[in-house]
Amino acid sequence: MLQFAKWKTTLVALVVAAGIVFVLPNFFPRDSVEKWPGWLPNQQINLGLDLQGGSHLLLEVDVDSVIRERLESLESEVRRALRSDRINYRGIGLEQNGVRVRLTNPDQREDAVRILRGLSQPIVTNAFLAVGARDLDVQVDDEGIARLRLTDEAITERRRAAVEQSIEIVRRRIDETGTREPSIQRQGDDRILVQLPGVDDPDRIKRLLGQTARLTFQLVDLDARPGGRPPPGSVVLPADPRSSSHQTEYIVRREVIISGENLINASTTFDQQSGGPAVSFRFDAAGGRRFGQVTTDNVGRPFAIVLDGKVISAPNIRQPILGGSGIISGGFSVQEANDLSLLLRAGALPAPLNILEERSVGPGLGADSVAAGELASIIAFLAVMVFMVMAYGMFGLVANVALLVNMILIGGGLSLLQATLTLPGIAGVVLTIGMAVDANVLIFERIREEVRTGKTPIAAIDAGYSRALTTIIDANVTTLIAAVLLFQFGSGPVKGFAVTLAFGIASSMFTAITLTRLIVISWMRWRRPTALPI
Amino acid sequence: MAWRLRLVPEKTRVPFMQMRKAAFGLSGILAVLSIVLLVILGLNFGIDFRGGTLIQVKTTGPANISVMRDAVGSLQLGDLALQEFGEPDEVLIRVERQAGDSAEQLGAVEVIKRALEEVIEGDIEYRRVEFVGPQVSGELVRAGALALGLALAAMLVYIWFRFEWQFSVGAVTALVHDVILTFGFFAITGLEFNLSIVAAILTIVGYSMNDTVVVYDRVRENLRKFKKTDLKELIDLSINDTLSRTTLTSVTTMLALVALVVVGGPVIAGFVLAMIWGVVIGTYSSIFVAAPVLLYLGVRREAFDKKTDEDAGDATPA
Chain W
1 MLQFAKWKTT
11 LVALVVAAGI
21 VFVLPNFFPR
31 DSVEKWPGWL
41 PNQQINLGLD
51 LQGGSHLLLE
61 VDVDSVIRER
71 LESLESEVRR
81 ALRSDRINYR
91 GIGLEQNGVR
101 VRLTNPDQRE
111 DAVRILRGLS
121 QPIVTNAFLA
131 VGARDLDVQV
141 DDEGIARLRL
151 TDEAITERRR
161 AAVEQSIEIV
171 RRRIDETGTR
181 EPSIQRQGDD
191 RILVQLPGVD
201 DPDRIKRLLG
211 QTARLTFQLV
221 DLDARPGGRP
231 PPGSVVLPAD
241 PRSSSHQTEY
251 IVRREVIISG
261 ENLINASTTF
271 DQQSGGPAVS
281 FRFDAAGGRR
291 FGQVTTDNVG
301 RPFAIVLDGK
311 VISAPNIRQP
321 ILGGSGIISG
331 GFSVQEANDL
341 SLLLRAGALP
351 APLNILEERS
361 VGPGLGADSV
371 AAGELASIIA
381 FLAVMVFMVM
391 AYGMFGLVAN
401 VALLVNMILI
411 GGGLSLLQAT
421 LTLPGIAGVV
431 LTIGMAVDAN
441 VLIFERIREE
451 VRTGKTPIAA
461 IDAGYSRALT
471 TIIDANVTTL
481 IAAVLLFQFG
491 SGPVKGFAVT
501 LAFGIASSMF
511 TAITLTRLIV
521 ISWMRWRRPT
531 ALPI
Chain C
1 MAWRLRLVPE
11 KTRVPFMQMR
21 KAAFGLSGIL
31 AVLSIVLLVI
41 LGLNFGIDFR
51 GGTLIQVKTT
61 GPANISVMRD
71 AVGSLQLGDL
81 ALQEFGEPDE
91 VLIRVERQAG
101 DSAEQLGAVE
111 VIKRALEEVI
121 EGDIEYRRVE
131 FVGPQVSGEL
141 VRAGALALGL
151 ALAAMLVYIW
161 FRFEWQFSVG
171 AVTALVHDVI
181 LTFGFFAITG
191 LEFNLSIVAA
201 ILTIVGYSMN
211 DTVVVYDRVR
221 ENLRKFKKTD
231 LKELIDLSIN
241 DTLSRTTLTS
251 VTTMLALVAL
261 VVVGGPVIAG
271 FVLAMIWGVV
281 IGTYSSIFVA
291 APVLLYLGVR
301 REAFDKKTDE
311 DAGDATPA
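Which chain is which? The protein sequence lines are W and C, in order. Taking the numbering used here, the leading residue of the first sequence gets 1, the next gets one more, and so forth. Taking the numbering used here, the leading residue of the second sequence gets 1, the next gets one more, and so forth.
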C-alpha cells in the first residue's frame, strides 16, 4: 500500500525541478538575466500592457475606399478610351463594383467591347495562381449597356494588398517614432492590431496613424475665376489649417505633377525666410527630373503642395528647381514639422485607417496594479496557509507545500510558454490560491471519512486518494471548460485570466494527485503512525 | 488528537431536502426580482459594451470633481459621468460614443485633456485611456454571450456524458439560476458591467459547477452503495457527507477574494465583488437547486448498477 512507483517519484521531481528552473529568471533583473549563459532558461513572464503600461490600438483599413478609387479612375479611363476611339456613348456612371456606360451606336459595340476589355489589368498575386487572370469582366446587353465589373478575385486581391501595404506603412511610422518592441499584427480580414508597450504619448501615435499622408504637387490653375465653378480638369481644394497663407481655398489642376511616392527623404529644417520650422525633402532621380522639367516650364506660376486633399502651401516658382529637393513651409510647430517629415519618410497609406478600439495604460497605473496584485497574492497565500494548518494540522502543511509548488508551476509555465500576465490574470492566480487547495480538501475530507469507518491509517489514505480522484477530475474539467471558452472568446486581459486559471487548475490537480500523495506516503513510511493526525 | 478548526461538525444530518420548497420559493423570488430589476434598472454597461471613451486621471492632491465636471460638461460631448476612483485624487471620466467617425472619438480625448489642463492646477497623470468603437462593442457583446452560452452547453454535455441526463438538467438549472442572480446583483448595485464581469460570470459558472459536481459525485457513489435507500434521504446524506468540504473550499476561496477586494485596487474590484457574490450563490445553488432538481426528475437507479463498487451492499447509511 505504501508503494509509490519510482517513475512517478521521478516524474514529480522532474516537474517540480523544471518549474523552479523556469520560474527562477523572474526573480532577477531583466538585463542581468539576458547575460546568462544560453543553456539556462532566461525567459521572464510577459507582462500585459495593463501591467507594464502601453497602448493597444485596433485599426481598421478602409478597404472599400481602395475599391472606390479604382472604380473612379476606371470611369475616367473608360471616358478617355471611348472618346479617343470615337465611340459614341451616353450616361456613364458607377454602380456596385463596376462602371456602366450606354453605347449609342449598335455598330460600334464589338469595337467598344474590345477597347473596354483592353482596360483590364492582370491580377498580380503570387506565382501559384492562374496566370493571365484579369481584373475586369466586360459585358454588353441587348440594349447596348456595357458593364465593366471588377471580378471577385480582383476585389479580394486589392483588399489584401491594401491591408498588407497598410501594415507595412504602420510599421514604418511606428519604427520612426522609436517605440521599442512594437507588435503589429493583422487581425481578421481588414484589421491591424498594434501593441506598443511603454509608449508614453499614445495621442501622438494616433495622430500619426490617423493621417493617410498622401502628398502631391499640383499646379495652381490661374485661369480659373476664384469663387466660380472650377473648369474641367481643375478642382477646388481647401487650405490646410497649418498653412501660413490667408487664402482659404485654391483652384488646382487635377493632374498630379509628382507625388510622395517619389520622395526618398524628408527631414525637419528651418525656413530661411520666416525662420519657422519646415520640412525639407528630396526626390528620387525620376522624380527630380520630372520636377525640374515642370518647374522649368512654369516659372512664375504657383504650384500647390497638397497633403490629404488640403493645400499646405502654394509657392511661386521663381526659378527652375533642378536639384531634386525643396522645402515645405507652413505655420508648423516643431512637433508638427517633425511629424510631417516622419510621415513623408514612412510613405502614404493606401487607404485611411479607422481606430476601432484603444486601450492605453500609463506606467504609473501599471506599476500600482502590479504592486496591488503582489500584495493581494501574498495576503491570500498566507491566509489560506494558516487556515489549512488550522483545519488539517500536519496534512495542512502538506497542502501548503503543494500550494507553493502550484505557484512555482504557474510561474514556470507562464515563463516557458511566454503567456501574458494581465491584471485579471493576477486575479486568476489569487483565485487559484483559494481554489487550488480544493483538491486537497476533497482528499483530506475523504481520508477523515475513511478513518471514521474504522480503516487503518494506510487503508484510509489509500482509499481517500483513490476515491477522491474521480471527483477531482470531474469537478476540475468543468472549470477547465469555462477557462478554455474564456480564452477562445475573451480579448486581451480576459485571455490572460483564462490562461492563469487554466494553469492553476492543471497544476493543482497535478500536485494534489501526485505530490501530496508522495509526501504523505513518505511520511507514513518514516513514522508508521497508528492514528492519522488529520 | 490535536485541535482542529472545525467549521462544520464531524457528522451532520441537516434535512436539506425538507427545505427544498422554501429554497425553491426563495430562488424563484430572487430570480424573478433579478429579471424585474434588470428590466427596470438595466445594467450599468461599461464602454466595452456601450462604446465610448473612458479616461482615468490622477491629480496632485484631492481632485475637485465638480470643477472637472463643469469643464468637461461644457464641451457638449453628450452623456457624461465622473466619479472618484479608489483614491480621492483619482477620477474616472466616461463619455458616451461620439457621433461620426473615429476621428471625432479621438478628438474627444484631446479636447477633454485640454479642458482638464485648463481648470486643474498641478500635474495631471493620464493613468488610463480607453476608447471602444461601436463595431467592437457589438462584437464584444456577441462574443460574451456566445462564450456564456457555449459554456453552459458544454457543461450540460459533459455532465450528461459523465452522469445521467437528470444530473445535467439539474446542474444547468443551477447555473442558469446563478447567472440570473448575478445579473440581478449588477442591476441592483449599479456596478459597472464590462468585459471582466463576463469573465467573472464564466468563472462563477465554473466554480458553481465544481461544487455541484462534488455533490453529484457523492450522490452517484451513494446510489451504488445504498440501493434500497429512499432518494430523498440519499441526496440529504450526500450533501451532508460533502458539507465539510463545501464549506472549507468556500472559505479558502473567500479568503483569497477578500484579499483581492481589499488591496487589489479599484480596477478589478467589480470583478472580485462579482466573484464573491458568485461563490455565495454558487455554493447555495449546488445544495438547494441542483440537488432538489434531481429529486423532482427522479434517477434511474439501474443506470448505476452496471458499474460495481467494492463497497456495494455491505454498508448502510450512517
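Since the hints were made in silico from the structure, they are not lab data. Glycine residues also receive a C-beta, built at the ideal position from the N, C-alpha and C atoms. There may be inaccurate statements among the hints.
Label-pair distances were calculated between CB atoms; the ranges are [as the list claims (entries may be wrong)]:
#1 C:I65 <-> W:D284: 22 to 32 Å
#2 C:A154 <-> W:E69: 11 to 21 Å
#3 C:E233 <-> W:I473: 19 to 29 Å
#4 C:A154 <-> W:I378: 43 to 53 Å
#5 C:V141 <-> W:D175: 33 to 43 Å
#6 C:R114 <-> W:L397: 57 to 67 Å
#7 W:Q187 <-> C:N44: 40 to 50 Å
#8 W:D201 <-> C:N44: 55 to 65 Å
#9 C:P266 <-> W:D203: 47 to 57 Å
#10 C:E10 <-> W:F4: 28 to 38 Å
Non-contacting residues of chain W with respect to chain C, defined by C-beta distances greater than 12 Å in every case (computed) [as the list claims (entries may be wrong)]:
#11 T179
#12 E374
#13 A475
No farther apart than 20 Å at their CA atoms in a straight line, the calculated lysine to aspartate or glutamate pairs in the EDC-like style are these [to be verified]:
#14 C:K113 <-> C:E164
#15 C:K113 <-> W:D203
#16 C:K11 <-> W:E449
Original post:
Between C:P266 and W:D203, does the C-beta distance stay in 47 to 57 Å?
Top reply: Violated, at about 24 Å.
Subject >> C:V141 paired with W:D175, Cβ distance criterion 33 to 43 Å >> reply: holds, 35 Å
Original post:
Range hint 43 to 53 Å: satisfied by the CB atoms of C:A154 and W:I378?
Top reply: violated, 35 Å
Original post:
Per the hint of 22 to 32 Å, is the separation of the Cβ atoms of C:I65 and W:D284 within bounds?
Top reply: Given a distance of about 56 Å, which is not inside 22 to 32 Å, the answer is violated.
Subject >> C:E233 versus W:I473 beta-carbon gap, inside 19 to 29 Å or not >> reply: holds, 28 Å
**OP:** Go ahead and decide if the range 40 to 50 Å is satisfied by the Cβ distance of W:Q187 to C:N44.
**Re:** At 29 Å between Cβs, range violated.
**OP:** Kindly confirm whether 11 to 21 Å is satisfied by the beta carbon distance between C:A154 and W:E69.
**Re:** Since C:A154 and W:E69 have Cβ atoms about 46 Å apart, the given range 11 to 21 Å is violated.
**OP:** May I ask you to check that W:E374 keeps its beta-carbon over 12 Å from the closest beta-carbon of chain C?
**Re:** violated, 9 Å
Original post:
Holds or violated: is the Cβ of W:A475 farther than 12 Å from all Cβ atoms of chain C?
Top reply: Violated, because the least Cβ-Cβ distance between W:A475 and chain C comes to about 4 Å, which does not exceed 12 Å.
**OP:** Sort out whether C:E164 lies within 20 Å of C:K113, counting only the CA atoms.
**Re:** violated, 59 Å
Subject >> Satisfaction of the hinted span 55 to 65 Å by the C-beta atoms belonging to W:D201 and C:N44 >> reply: violated, 31 Å
Original post:
Hey, C:K11 versus W:E449, does the alpha-carbon distance stay inside 20 Å?
Top reply: Given that 20 Å is the threshold and the Cα spacing comes to 10 Å, the pair holds.
Checked against the numbered hints given earlier, this structure breaks hints 1, 2, 4, 7, 8, 9, 12, 13, 14; the rest are met.
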